[in-house]
Amino acid sequence: MSWEVVIGLEVHCQINTNTKAFCGCSTEFGAEPNTQTCPVCLGMPGQLPVLNTVAVDKTILTGLAINATINLESKFDRKNYFYPDLPKGYQISQFAVPIVEHGYLDIPNKDGDEKRIGITRIHMEEDAGKSMHEGLDAVSHIDLNRSGVPLMEIVSEPDMRSADEAIAYLKQLHQLIRFLGVSGADMEKGQFRCDANVSVRRPGEPFGTRTEMKNMNSFRFIKQAIDFEVVRQIEIIEDGGAVVQESRLWDSVKNESRSMRSKEEAHDYRYFPEPDLPPLRVSQQQVDAIRAGMPELPGQLRQRFEAEYGLSSYDADVLTQTLELAAWYESLVAAHPVDPKRCANWMANELLGRLNEAGSDLSESPVSAKRLAELLDRIEDSSISGNAAKTVLDAMMESADSADAIIAAKGLKQVSDTGAIDAIILAVMEANPAQVEGYRGGKDKLMGFFVGQVMKASRGTANPGLVNQRLVELLKG
Amino acid sequence: MEIDVRKVAMLSRIRLTDEEAAEFGPQLSSIIGYVEQLAAINTDGVPPTAHPHDVAMPQRADVVTNSNRRDALQTPAPNTESGLYVVPKVID
Numbered sequence: 047m048s049w050e051v052v053i054g055l056e057v058h059c060q061i062n063t064n065t066k067a068f069c070g071c072s073t074e075f076g077a078e079p080n081t082q083t084c085p086v087c088l089g090m091p092g093q094l095p096v097l098n099t100v101a102v103d104k105t106i107l108t109g110l111a112i113n114a115t116i117n118l119e120s121k122f123d124r125k126n127y128f129y130p131d132l133p134k135g136y137q138i139s140q141f142a143v144p145i146v147e148h149g150y151l152d153i154p155n156k157d158g159d160e161k162r163i164g165i166t167r168i169h170m171e172e173d174a175g176k177s178m179h180e181g182l183d184a185v186s187h188i189d190l191n192r193s194g195v196p197l198m199e200i201v202s203e204p205d206m207r208s209a210d211e212a213i214a215y216l217k218q219l220h221q222l223i224r225f226l227g228v229s230g231a232d233m234e235k236g237q238f239r240c241d242a243n244v245s246v247r248r249p250g251e252p253f254g255t256r257t258e259m260k261n262m263n264s265f266r267f268i269k270q271a272i273d274f275e276v277v278r279q280i281e282i283i284e285d286g287g288a289v290v291q292e293s294r295l296w297d298s299v300k301n302e303s304r305s306m307r308s309k310e311e312a313h314d315y316r317y318f319p320e321p322d323l324p325p326l327r328v329s330q331q332q333v334d335a336i337r338a339g340m341p342e343l344p345g346q347l348r349q350r351f352e353a354e355y356g357l358s359s360y361d362a363d364v365l366t367q368t369l370e371l372a373a374w375y376e377s378l379v380a381a382h383p384v385d386p387k388r389c390a391n392w393m394a395n396e397l398l399g400r401l402n403e404a405g406s407d408l409s410e411s412p413v414s415a416k417r418l419a420e421l422l423d424r425i426e427d428s429s430i431s432g433n434a435a436k437t438v439l440d441a442m443m444e445s446a447d448s449a450d451a452i453i454a455a456k457g458l459k460q461v462s463d464t465g466a467i468d469a470i471i472l473a474v475m476e477a478n479p480a481q482v483e484g485y486r487g488g489k490d491k492l493m494g495f496f497v498g499q500v501m502k503a504s505r506g507t508a509n510p511g512l513v514n515q516r517l518v519e520l521l522k523g
Numbered sequence: 169m170e171i172d173v174r175k176v177a178m179l180s181r182i183r184l185t186d187e188e189a190a191e192f193g194p195q196l197s198s199i200i201g202y203v204e205q206l207a208a209i210n211t212d213g214v215p216p217t218a219h220p221h222d223v224a225m226p227q228r229a230d231v232v233t234n235s236n237r238r239d240a241l242q243t244p245a246p247n248t249e250s251g252l253y254v255v256p257k258v259i260d
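Those protein sequence lines, which keep their order, are chains A and B. Residue 47 is where the first sequence starts when you use the numbering used here, and the numbers rise one by one after that. Residue 169 is where the second sequence starts when you use the numbering used here, and the numbers rise one by one after that.
Bound conformation, chain B alone (with noise of 0.2 Å):
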């Protein structure tokens, strides 16, 4: 199967140089080929399934357990103000 690595790249925002692309196409398509054998077995009356364990989702009662931890959380941002992160412009 062949692979657009320059999508993927993009889609990811991982920046490639050609080499690299050139490198890493035949490595991803041969990483899905052999994912594809999965494809020849016969799963006639086997159920899908979404996750390897059969267990039911635990769930959460709805009662707030964080407090405010802003100046801790913040500290690896690069940049923020005011206690908002700051990023570089993006619009729609």
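So here's chain A without its partners, still in its complex pose (with noise of 0.2 Å):
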């Protein structure tokens, strides 16, 4: 019989404010140790913590992103425990009445259909300083730069059924962030990081005992995690044995994960209510301020470019990755609006396919959006063949100059002479009498060896079309 896996994930996401939850501390990354703090987020005696407004108001409209309900009146709570990167002993965080509740997300899944993934909630939260123990024998060293930094956490149903489904829901969660400028989301500096519940039944039975997997920030170790504790458990199972509810970290090194029983232990939070801060209200006013406000979403964009610029649901999904990408195309489009597809065409297959060899992104390119419509420019009007654009976009990614320049100092501007075009083509035929008789014999397909002789002979830049239409014309006879 079967097992069915069950999935529910946890993502803490830090809200890119200037300053942190509670206090008026620099939240910028990379700053010297201990140098963006206040008595605030070090709890010192006495201070009282100040809720960031735009911390409160990115988080509202992630909340109508996932269309779920704002509650207008929600609280804070404290979650007490033991830790020293956690200097007041308790983290300010909304446990019994969050912000927002009763979401959800669509994912594609593989019958190129869609799922819907429901979102539990999504709390505020304050961030945890950094403990560092690599190198150090008998102490740890505190780094409290991050204590009190805003985090948004997005708790999914157990809805998702495979590690495939956990990572489609954890990308498209991650690309939404993104387009809604709520977070930066870069998952190498911990600001998008996921707590994954796993557990394993037999098909419509109640859900068996779950294991978390703690704080992991790349979607190639998530999918292994999962893998991996999918397989445990099931081991465990099968061999008469039960899965005991714990936390689990994952060591990325060696492939498996462990224990965290030890903390686990400890783990009684004691929640109630903050008493320094009192309930947090917001005005409808204020919600549908915020809901007027909210960019185009990533699934509206990609269906706009199907429609608006008749592009393949593939490239609409390539340009809609990021609001970079699509700004960056719109803004090809508007240089070059004769062909959209075109500008698909070259954005996505030619400019990002030299970008990522270089090992760049497009915000480093050497090329900008004006100057590549130049160029396609250049192959609206027939100057330029295809494959001679290829070789201008590579000077271009080299030089400032202008495509013009290129092609008129690589003499690559395109033959459109017929007078030109048929000396080459009487040239080739003179060179080569016996393919000439084969083809007047019958042998129709000796025409793509001379269409590519020509080519040849004219480095590139006879107009294919019209070498086609000569050949036929002196290959008569």
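Be a bit skeptical, because a hint or two may be false.
What the hints assert, rightly or not - Restraint-style ranges between C-beta atoms, simulated for each label pair:
# : chain 1 : residue 1 : chain 2 : residue 2 : range
1 : A       : Asp407    : B       : Ile171    : 56 to 62 Å
2 : A       : Gly89     : B       : Thr217    : 24 to 30 Å
3 : A       : Glu160    : B       : Ile200    : 47 to 53 Å
4 : B       : Gly251    : A       : Asp232    : 21 to 27 Å
5 : B       : Glu187    : A       : His148    : 48 to 54 Å
6 : B       : Pro246    : A       : Ala142    : 34 to 40 Å
7 : B       : Tyr202    : A       : Ala142    : 22 to 28 Å
8 : B       : Ser197    : A       : Gly286    : 38 to 44 Å
Simulated from the structure, these hints should not be mistaken for laboratory data. We put the beta carbon where it would ideally sit given N, CA and C, even for glycine.
Once you've looked at the hints, go ahead and assemble the two chains, each given alone in its own frame, into the complex.
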């Protein structure tokens, strides 16, 4: 009998604010340790937290984008635990009444259909500091710059049935967060981290006992960790054992997870209402204003690109992966409106391909949308062939010269002069009498040979349409 | 209500002698017992509240107002090194 996998995900996402959740300390990444702290985020006695209004607005915006209910009154609670990177001894979080509840995301599933993943809640909380243990013997080092940085915790329903579905959900959520501009969501910087709750059961039975894989910040590790955990749980149950509810840590070096049971024992968070913070009230007008300012979401943008520009769903998908890509594409189309599909091909295949090979991304592109459009204009007016344009683009990646200057310098201007092309064709025919005879004897396939020879003789500058047309004519004899 | 004094002490990182545990257990229980009198009050129709004052939370503009005061702030720390707090070893 088969096993069914059940996965629920908790994503901690750093809200991109200038300052921390409850004090005016900078959140800038990479500062010297402990230079962005104050008595509030250091947990010194007598300090009072004051909530960052931008963190509230961005959490509401995220809630609206996942079709959730915004609670006009929500509360903060203290989550108590003891750890040196948590100087207050508690984390300010939202436990009983979060600001966002009951949302969902639709993810593509493997039948090309969509599957709805429920999102239980999004609550605001503050991050802890950073502990460092590596290379230290009897001590740990603590940097509290991150202490108090605002987070959204996005908690899904246990709606995913495979590691692939979990990754599809995470990627969709990650893209959405980036589009909304509510978080940098840079996984390497820990701005988007995931806990995965995993259990297995026989189809139709109640949920099995779950384990929680903590704090993963790469899609690849999350998939590996879930796959590993599923196998581990099935083996335990098939051997007659029982899965123990616990937190586990993924070791990406050893490719295995290990129990964090030692810490689990101490997990009794004793939540209680945060006495320093009165209820958070937001007005319906505030929510409506945030909704009115919501940017176009990835799905809407993808559909618009297909409808407005006639792109394939594949190209539309590629060009809407990030807002930056989409904006770049639209500025290219604005500069070369005659053929949006050509714009998509040249941007997605040629430009991004070259950037990818060079290990850089669009923001570092030496070729602006305007310059690329000038090149596409030359294809449009038949000044150069598509092939020659690739050579020009190669050169444009290396220099600031315009497409026209490069075309002139390299002598790549397409020859569309019938007389010049006829001269080349006649020379090729003279050099290949046997093939001419063969073609005239009925070997139509030799046409390809002649086209190739003529293009080669013209160094790719002959207008291919005209070459074909003139070849048919002249080979008739 | 019986209180597990040892557990509470462990969670709070407070070391208790057996005598202290024996002394504080009944004290904590009697405090809880006193507060439990509230359970007898009929609260039908009273909305739950988490805060005694009927005020909405004041909020703060997202503007950096604090500068680096590391040296002053680290004065009370028992041990620092290169700007980092040094604590007894902790590891997951």
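Here is what the structure says about each hint:
no.: 1; hint: A/Asp407 - B/Ile171: 56 to 62 Å; in the structure: 59 Å, holds
no.: 2; hint: A/Gly89 - B/Thr217: 24 to 30 Å; in the structure: 26 Å, holds
no.: 3; hint: A/Glu160 - B/Ile200: 47 to 53 Å; in the structure: 51 Å, holds
no.: 4; hint: B/Gly251 - A/Asp232: 21 to 27 Å; in the structure: 24 Å, holds
no.: 5; hint: B/Glu187 - A/His148: 48 to 54 Å; in the structure: 52 Å, holds
no.: 6; hint: B/Pro246 - A/Ala142: 34 to 40 Å; in the structure: 37 Å, holds
no.: 7; hint: B/Tyr202 - A/Ala142: 22 to 28 Å; in the structure: 24 Å, holds
no.: 8; hint: B/Ser197 - A/Gly286: 38 to 44 Å; in the structure: 43 Å, holds
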